[in-house]
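Let the sequences and hints guide you as you build the complete structure.
Number of protein chains: 2
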Amino acid sequence: MNFITFTEEKLRSFTYSVFKKMGCSDEHAELATDVLIRSDLRGIDSHGVARLSGYVRLWEKKRINATPNIKVVYETPTTATVDGDGGLGLVVAPFAMKVAIEKAEKYGSGWVAVKNSNHFGIAGYHALLAVEKDMIGISMTNASPLVAPTYANERLLGTNPMCYAFPAGKYPPVIVDMATAAAANGKLEIAQRANKEIPDGWVQDKDGNSSTNPNELKSGGSLLPLGSDKDHGSHKGYGLSATVDILSAVLSGANYGPWVPPFVAFLEPDANPVGEGIGHFLGAMRVDGFRPADDFKSHLDNWIERFKSAKTINSNQRVIIPGEPEAEAELERKVSGIPIIDVVVNDLNELAAKFGIQGL
Amino acid sequence: MNFITFTEEKLRSFTYSVFKKMGCSDEHAELATDVLIRSDLRGIDSHGVARLSGYVRLWEKKRINATPNIKVVYETPTTATVDGDGGLGLVVAPFAMKVAIEKAEKYGSGWVAVKNSNHFGIAGYHALLAVEKDMIGISMTNASPLVAPTYANERLLGTNPMCYAFPAGKYPPVIVDMATAAAANGKLEIAQRANKEIPDGWVQDKDGNSSTNPNELKSGGSLLPLGSDKDHGSHKGYGLSATVDILSAVLSGANYGPWVPPFVAFLEPDANPVGEGIGHFLGAMRVDGFRPADDFKSHLDNWIERFKSAKTINSNQRVIIPGEPEAEAELERKVSGIPIIDVVVNDLNELAAKFGIQGL
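Here the protein sequences come in this chain order: A and B. Residue numbering for the first sequence follows this note's numbering, beginning at 46 and increasing consecutively. Residue numbering for the second sequence follows this note's numbering, beginning at 46 and increasing consecutively.
No wet-lab data here; the hints were simulated from the structure. Treat the hints with caution; some may be incorrect.
Rough simulated footprint, nothing fancy, chain B against chain A, three-plus residues with beta-carbon under 8 Å [as the list claims (entries may be wrong)]:
{"id": "1", "segment": "114 to 127"}
{"id": "2", "segment": "138 to 145"}
{"id": "3", "segment": "190 to 197"}
{"id": "4", "segment": "271 to 279"}
{"id": "5", "segment": "283 to 289"}
{"id": "6", "segment": "327 to 340"}
{"id": "7", "segment": "350 to 362"}
To give a feel for the contact side, a few chain A residues facing chain B, derived at Cβ under 8 Å [what the hints assert, rightly or not]:
{"id": "8", "residue": "A228"}
{"id": "9", "residue": "G246"}
{"id": "10", "residue": "A316"}
{"id": "11", "residue": "V319"}
DEER-style ranges, computed between Cβ atoms [stated by the list, open to error]:
{"id": "12", "chain 1": "B", "residue 1": "D252", "chain 2": "A", "residue 2": "G231", "range": "29 to 35 Å"}
{"id": "13", "chain 1": "A", "residue 1": "K251", "chain 2": "B", "residue 2": "E150", "range": "45 to 51 Å"}
{"id": "14", "chain 1": "A", "residue 1": "E72", "chain 2": "B", "residue 2": "D340", "range": "46 to 52 Å"}
{"id": "15", "chain 1": "B", "residue 1": "E150", "chain 2": "A", "residue 2": "S58", "range": "48 to 54 Å"}
{"id": "16", "chain 1": "B", "residue 1": "E150", "chain 2": "A", "residue 2": "A397", "range": "36 to 42 Å"}
{"id": "17", "chain 1": "A", "residue 1": "A316", "chain 2": "B", "residue 2": "K178", "range": "35 to 41 Å"}
Computed from a predicted model, the values in this text were never measured in an experiment. Heads up, the beta-carbon is just placed ideally off N, CA and C, and yes, glycines get one too.
Structure representation (structure tokens):
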């Protein structure tokens, strides 16, 4: 595996050109680009430009609408449902978070369920929009069914991430941004490329037996919920994933469970959907709706310092604050550039050729 | 181990008498009783009358105030902070949830952080108060430090449960109510009584090594977060537990992390607290703030039916809907009574003797 390092600006201008070629407005192309590049900057390589050709393939199949009319279709002072009109989740989710933030500015909190959307990139991007306003940000989304609930031998849930983000004072925000599966699909792909076994407890084979083969999903296997098996709390991972599914889709009118349309273009969506597109759920709460913001931040700083200085098992490994590695990656990659693996570079250059734009 | 079965009424009147002897008002004694008995009815024996003598011991040490002045001390239209005045969490949390529900009735959603409280019983009780009003109920609490974050060899977090509850149509509510540790302390106690080993991945010993000894907490060990180890996602369980801690305590002004006062009376609270008492976080969102309630419920019924009929690994074990076993226990125990283990019956009869009331 070889990596080629690009400047942030180079990747931004390339990604923007691709979204423009899809027919996105300037504003949408810029926003979608920002979501993907922020992911690469923050070291979450699986959700950045590596996904760009996937979005293009869905657009080619007319499963993504590049010029959506995104709008609020139902609301109270602090709740709303947004119809994404089949647009990129990368632009639908920030629209919905903006609605949540505006409601929170007026009433203390705002909550938006989204239907008729697509893959929204990293959950943390959207939650951070609230953090910038001294709010607690919450974001979640359902996703293509890959995970078997406890006891099931069938893929009924996505890796359904949930994210909670909190503004700190002198430290970066605390950001819990996690798939509710034991391991997300990206980790299996890394093992596939390296031709390595995966730990027991990430997947089961087509008969429901635990497996260490990273290719198991291709032969009818399933990912396992966080907790891996009943003894270790897989019913909890399943419950969290169910929570994300219900808030994102049963509440909004999107597809849920096994009906969620697949992200990959070579799999067709269910012929009898129970809703529209995939669903998200976004929330914002003003910190100063509960106590003065400075008090909250100074106590969160104290929390961070106490956990960072915890006694550890190995003296060379300290406790990590959720969101800390991503904040460090962002600082570093802003300066030294973003390394992209060669297979992704080739993939992006094929896109460039197809659209007649300058490659990387 | 022997069980003695009591009627719900018998246990209620006994429990009520104990709270009255502590000096609780009629209203508070009735409410606290309801929280404990509902737990026993729902089969969550660890959080019902088995805890009663624990509350009494904290009251004897003047760490529970039987006549609290519970009040809102900070608010916006949809957010508030409640000061529990050192009262029983069993009465403070329902007060806070009532505030959340009233805000939701007016504005669509309501969110309440609570400080200066104590152990609130089962999280599900409070979330269900919202479900009865066709709202989504959320409840969480921090708790005495027993859990070591990933890489730590120190107890910094409680088993910090989170609960999400959703009203269905023809089925019982979907209730995800879970400790964010791999296994809660109650499961260790069961293994201790049975003199059995516990699965690897629930606890670590005082040096941070994984252990199968259920007594490990007594010799300096720690519970592990959901996920058990880094390979299996313990950083996610740690992140969820941190989320509960921050929402419940950093937001409200309660104690957090290692400063949370212990539930057991023989351990003293930290001499230099960072806040007041323990903290909770409660929320309510009107389902019809997002779509008509009947639409939501009929889709949730469809969700439930699809998951219940999933293909399973063993034909004799179907997929369980979160909250289903508790709803079944409640139906059954309402009729056939509540079995209480003999050691708990003895403990309650000692309480009766101390207070000069009729024993069980």
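Hint-by-hint comparison with the structure:
With 8 residues carrying a beta carbon less than 8 Å from a beta carbon of chain B, the segment 114 to 127 of chain A meets the three-residue requirement, and the given coverage holds. For the segment 138 to 145 of chain A, the stated coverage by chain B is violated: 0 residues have a C-beta nearer than 8 Å to a C-beta of that chain, whereas at least 3 were required. For the segment 190 to 197 of chain A, the stated coverage by chain B is satisfied: 4 residues place a CB nearer than 8 Å to a CB of that chain, which reaches the threshold of 3. Check result for the segment 271 to 279 of chain A against chain B: holds, 6 residues qualifying (beta carbon to beta carbon below 8 Å, three or more required).
Interface restraint, the segment 283 to 289 of chain A with chain B: holds (5 residues with C-beta to C-beta distance below 8 Å; minimum three). Note: the segment 327 to 340 of chain A has 7 residues with beta-carbon separation from chain B under 8 Å; the three-residue rule is met and the coverage holds. Counting residues of the segment 350 to 362 of chain A whose C-beta lies closer than 8 Å to any C-beta of chain B gives 8; at least three are required, and the coverage claim holds. The beta carbon of A/A228 comes within 7 Å of a beta carbon in chain B, closer than 8 Å, and the hint placing it at the interface holds.
Look at A/G246: its Cβ gets to within about 5 Å of chain B, closer than 8 Å, so that hint holds up. Because the beta carbon of A/A316 sits about 16 Å from the nearest beta carbon in chain B, more than 8 Å, this interface hint is broken. Interface restraint check for A/V319: the shortest CB-CB distance to chain B comes to about 6 Å, inside 8 Å, so the restraint holds. Separation of B/D252 from A/G231 is about 33 Å and conforms to the stated range, judged on CB atoms against 29 to 35 Å.
Remark: the range hint 45 to 51 Å for A/K251 to B/E150 is upheld by a beta-carbon distance near 49 Å. Evaluation of the 46 to 52 Å hint for A/E72 and B/D340 yields a failure: the beta carbon distance comes to about 32 Å. For B/E150 and A/S58, the hinted distance range of 48 to 54 Å is satisfied, since their beta carbons lie about 50 Å from each other. Between B/E150 and A/A397 the Cβ separation comes to about 55 Å, which falls outside the hinted range of 36 to 42 Å.
Separation of A/A316 from B/K178 is about 38 Å and conforms to the stated range, judged on CB atoms against 35 to 41 Å.
The structure shown violates the earlier hints numbered 2, 10, 14, 16.
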